[in-house]
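Q: With the hints as extra help, turn the sequences into a complete structure.
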Amino acid sequence: MEEEVGCTPTVQKYGQNLERNGYEFFRWWLPIFIQSDIEAHIALRDTGKSLEGKAKDLVYLQKDRLEGTDETEIAIPGIMTT
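All you need for our numbering is the position in the sequence shown, starting with 1, plus 166.
It is possible that some hints are incorrect.
Stated by the list, open to error - Derived DSS-like pairs: lysine-lysine, alpha-carbon spacing no greater than 27 angstroms straight-line: (1) K179 x K222; (2) K229 x K215; (3) K215 x K179; (4) K229 x K179.
Think of the hints as simulated: they come from the structure by calculation, not from any bench.
A: Structure representation (structure tokens):
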């Protein structure tokens, strides 16, 4: 029997809220989160604002961070480059 890959209901709720507000998760085909995605989930968990308000702030920060970026860096476990 294959192991089912999934997220907790809270992570799903936060992820849906982020996506609904325009956040883009940079994942391939599994629900794998990069560092900024994890930080976004933590920010939603720890906010004193409404989830919608905080999600909109995070979308704005993500778009600001990505604007003008034309480089892509990929980290692959077990491979070191110099």
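Q: Would you mind marking each hint as holding or not holding in the structure?
A: Tested hints:
1. Between K179 and K222, the direct Cα distance comes to roughly 15 angstroms. Compliance with the 27 angstroms bound is thereby established for this hinted pair.
2. Only pairs whose Cα atoms come within 27 angstroms are accepted, and K229 paired with K215 is accepted, the gap being roughly 20 angstroms.
3. Taken as a hint, the K215 and K179 pair is honoured in the structure, with Cα atoms around 16 angstroms apart against an allowance of 27 angstroms.
4. In summary, the hint linking K229 to K179 is supported, as the alpha carbons are separated by about 21 angstroms, within the 27 angstroms threshold.
In this structure, none of the earlier numbered hints is contradicted; all agree with it.
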